Amino acid sequence: MIRPQDLLCPKPEGLYCAPGDFYIDPVRPVDRAVITHGHADHARAGHGAVLATPQTLDIMGERYGADFAQARQPAAYGEAIARDEVEVTLVPAGHVLGSAQAVVRWKGLTMVVSGDYKRRRDPTCPPFEPVPCDVFISEATFGLPVFRHPDDREEVARLLRSVAQFPERSHIVGAYALGKAQRIIRLLREAGWDRTIYVHGALERLNALYERHGIDLGPLAPATTAKKAEFAGQIIVAPPSAMQDRWSRRFPEPVAAFASGWMQIRARARQKGVELPLVISDHADWDELTATIDELRPGELWITHGREEALARWASLHDIPARALALVGYEDEEE
Amino acid sequence: MRAFAELLDRLSLTSSRNAKLTMVRDYLRDTPDPDRGWALAALTGELSFDAAKPAFIRKAVEERMDPQLFRWSYDYVGDLAEAVSLVWPARPGANREPELSEVIEALRTATRPEVQRLIEGWLDAMREPRERWALLKLMTGALRVGLTARLAKRAAAEMGGVDPAEIEELWHALHPPYEDLFAWLEGRSDKPSAENPARFRPVMLAQAIDEAVDFAKLDPVDYAAEWKWDGIRVQAAHEGGLRRLYTRTGDDISRTFPDVLDALDDEGVIDGELLVIRDGRVAPFADLQQRLNRKTVDAKLMAAYPAAIRAYDLLQDGPDDTRGLPLTERRRRLEAFVARQASPRIDLSPMQPFQTWAEVADLRAAPPEGDPQVAEGLMLKRWDAPYVAGRPKGPWFKWKRDPFLIDAVLMYAQRGHGKRSSYYSDYTFGVWNADELGQRALTPVGKAYFGFTDEELRQIDKFVRDNTVERFGPVRSVRAEPHKGLVFEVAFEGLQRSTRHKSGVAMRFPRISRIRWDKPPGEADELDALERLLVQMEGR
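Chains as they are written, first to last, in our numbering: chain A, 230 to 564; chain B, 10 to 549.
Just so you know, the hints here were simulated from the structure itself, not pulled from any lab data.
Check before you lean on any hint, since a few could be wrong.
To be verified - Distance ranges between label pairs, derived from CB positions:
#1 Glu-433/A to Asp-88/B: 38 to 44 Å
#2 Pro-63/B to Arg-542/A: 23 to 29 Å
#3 Pro-63/B to Leu-389/A: 34 to 40 Å
#4 Asp-474/A to Ala-182/B: 50 to 56 Å
#5 Pro-63/B to Ala-311/A: 57 to 63 Å
#6 Val-478/B to Gly-462/A: 36 to 42 Å
#7 Gln-298/B to Ala-555/A: 37 to 43 Å
The structure presented is a predicted model; accordingly, all values stated were derived computationally and were not measured.
For each residue, glycine too, the CB sits at the ideal point set by N, CA and C.
All chains should be modelled from the sequences, with the hints used to inform the complete structure.
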């Protein structure tokens with residue numbers, strides 16, 4: 230009798246696959262790693278060999294330098310790769326450019342590690358592909374029924390309404406440097422904002438990388454080139470930490486906007502001094518999490534980083550055996 | 010409803026007054042009748058409903074989802090209306106999203122079971138949590154989005170390009186949804202009539218005098234001086250058989266002070282200070298607080314805290330609108346009017362004769378025995394000026410007595426809001442006291458977030474960043490040791506005992522008056538100094 234924990238089990242370094250001798254998104258340096266996506270808490274430097282999508286490898290190279298690992302093994306979406314007796318396939322997760330679920334097959338058992346994912350459309354990456362499986366290992370960042378992300382186009386429309394309403398002010402949109410920033414820029418372009426978007430220096434390299442991968446971000450300029458008054462009526466995209474930094478003083482009466490799933494909670498917005506919360510997330514909200522589990526109907530649900538308790542409760546109410554995996558070391562990049 | 014929800018959402022997260030004004034003005038401009046009128050009524054606090062209680066909402070949500078999941082959600086969010094608005098399982102298409110006016114109409118007129126059924130249906134139909142949140146806020150009657158009624162009316166005035174005072178004066182003659190008001194603001198009809206008897210008249214306000222600049226330009230002969238009383242500004246109206254008492258913002262407090270209105274025999278409108286006057290002497294402000302904020306009063310309370318108006322202006326004398334007359338003439342009429350009432354409940358604020366500004370300065374520095382000891386300072390009013398609504402520059406000045414000062418040590422700094430969100434601009438300061446172990450330690454005594462220039466703010470911000478000890482979210486604790494730290498000279502208007510503060514004292518109107526870069530924190534004041542001051546003030 231083959232048990233799922235013989236194929237994948239949690240270890241301090243991360244989720245370990247014994248029959249294939251590799252870790253998925255390990256938080257410490259290991260010999261062999263499969264990386265689901267390029268966010269820093271999932272993709273760390275210093276591993277021996279790294280298997281990931283070409284986009285994710287590219288992102289890691291951009292962030293950590295060309296020697297971030299001893300060997301890189303690119304795997305295109307859908308390409309089955311053998312690791313000893315185990316077969317690994319990377320399938321789109323819809324989270325950020327290059328993000329993937331790791332589908333792990335062994336002796337007729339299929340386990341899917343979702344990595345971080347979302348179900349709605351993202352102009353910067355292909356959509357999540359559901360894969361039938363025996364065990365689905367889901368993230369649960371927004372695993373509480375209060376997290377219901379609205380339509381992102383409506384959120385961007387609110388931002389543009391505010392820009393029109395306050396032409397004498399600038400709008401700084403706090404957005405995580407990898408994925409969120411480029412998605413916001415693309416959404417603004419789709420909404421018809423064709424003016425130059427000013428960007429913080431910390432975003433420039435990843436923006437260029439997205440452009441190289443065919444994501445057209447339109448006219449961008451560093452947020453340092455114009456005089457203060459010229460930023461009136463303009464949109465600036467910056468990493469969240471810069472918004473309350475002295476850096477933001479160069480702009481006229483900035484309206485602090487912040488694009489994150491956490492912005493759903495008013496106290497969070499208030500605590501961060503955000504005037505215009507934009508509820509835009511690269512993670513699945515409660516409805517997406519539950520709909521995905523309902524759609525897959527896995528034999529077992531394992532829940533990792535986030536609010537495991539509520540999602541486990543939901544699964545048990547829907548007769549899906551569920552357990553929380555205590556994996557440590559994953560932060561939430563939207564914080 | 011969606012536009013109103015977006016407005017409430019943005020108001021609740023915006024601290025800039027100008028930005029709020031813009032948001033409300035644009036909403037009123039872009040929203041059709043009658044929705045905008047109902048929104049204005051909600052924003053000015055003119056609506057109150059009791060058809061639906063929050064408890065039913067909790068029950069309704071638990072019928073729709075697992076109660077355990079709801080409990081976790083509520084615990085996480087901390088606010089019932091917000092938690093419900095987020096978790097409510099939407100059934101788009103189940104119903105039509107309501108217009109704001111429909112919601113308000115129902116809340117005003119439907120029976121409780123009907124309202125509950127309607128609210129559940131609307132919550133089902135609404136697509137976004139923001140809308141559900143707005144509906145639930147509206148239902149409970151308290152919007153709490155940090156907007157005063159005055160600011161909402163000002164936004165309406167801006168929208169129509171009229172003087173805010175015109176709207177204030179009309180306000181009590183208007184009824185939601187104010188279609189006549191908007192028709193006038195948009196130039197589609199004449200100004201609605203404000204000729205309802207005993208209405209509120211917008212008040213005239215004073216500028217703070219700038220001693221260094223103003224006195225040199227002012228001739229003492231042109232001005233009258235009187236004490237600035239430490240009560241609340243009121244307007245008492247008796248017209249067409251109706252008697253009304255208003256606060257300076259136009260809130261009707263007639264029912265709280267029937268004793269005062271009874272004394273107003275003649276028809277007219279007086280402007281004055283509401284005080285507790287016992288045996289001919291003004292009692293401390295704390296006595297007046299016993300009478301304020303009560304819906305009704307009984308004879309015992311009225312006898313224990315006898316309220317009175319100390320009159321200083323006359324806006325209407327029988328049939329005559331006196332506001333266009335100069336102060337000399339209004340004062341002559343006021344003296345005659347007050348004398349005719351012949352009641353201890355209405356007396357006259359006496360004028361203080363003087364020849365030079367130096368004499369006024371002496372009065373302010375050393376008020377004579379009796380009531381003037383309780384005054385907050387002096388008022389200077391131009392004899393030839395008419396009574397003009399708002400705060401015109403020149404005719405009226407207030408010259409408050411010098412504030413109290415202490416030297417206190419900066420202990421915590423919090424990031425500001427809006428324009429100041431990149432600065433640590435809210436400061437908690439403390440004075441020295443002996444702790445439980447008898448060690449000299451700082452005790453927080455107050456918080457201030459203004460009184461400094463932009464340049465000083467930059468310097469303090471840098472000090473905070475360079476001397477941070479610990480961070481707690483938006484707050485930093487800073488070094489505050491006898492030889493290392495920052496001393497503020499803090500100005501305040503008074504002290505009260507407080508059980509809410511660890512130090513046992515609370516300051517009225519504290520602000521930073523000077524930054525003492527030169528002073529070592531060890532030489533800042535002791536808590537004893539504040540306690541002595543408190544005893545002194547209570548004995549006054």
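Given the hint of 57 to 63 Å, is the C-beta distance from Pro-63/B to Ala-311/A inside that range or not? holds, 60 Å
With 34 to 40 Å as the target window, see if Pro-63/B and Leu-389/A comply at their CB atoms. holds, 35 Å
CB-CB spacing for Ala-555/A and Gln-298/B relative to the 37 to 43 Å hint: violated, 56 Å
Val-478/B and Gly-462/A, beta-carbon distance inside 36 to 42 Å? holds, 41 Å
So does Glu-433/A sit 38 to 44 Å from Asp-88/B, Cβ to Cβ? Holds - the Cβ-Cβ distance for Glu-433/A and Asp-88/B, about 40 Å, lies within 38 to 44 Å.
Quick check on a hinted range of 50 to 56 Å for Asp-474/A and Ala-182/B, using CB atoms only. holds, 52 Å
Is the gap between the beta carbons of Pro-63/B and Arg-542/A within 23 to 29 Å? Holds: the Cβ-Cβ distance is about 25 Å, inside 23 to 29 Å.
Hint 7 from the earlier list is the only one contradicted by this structure; the remaining hints agree with it.
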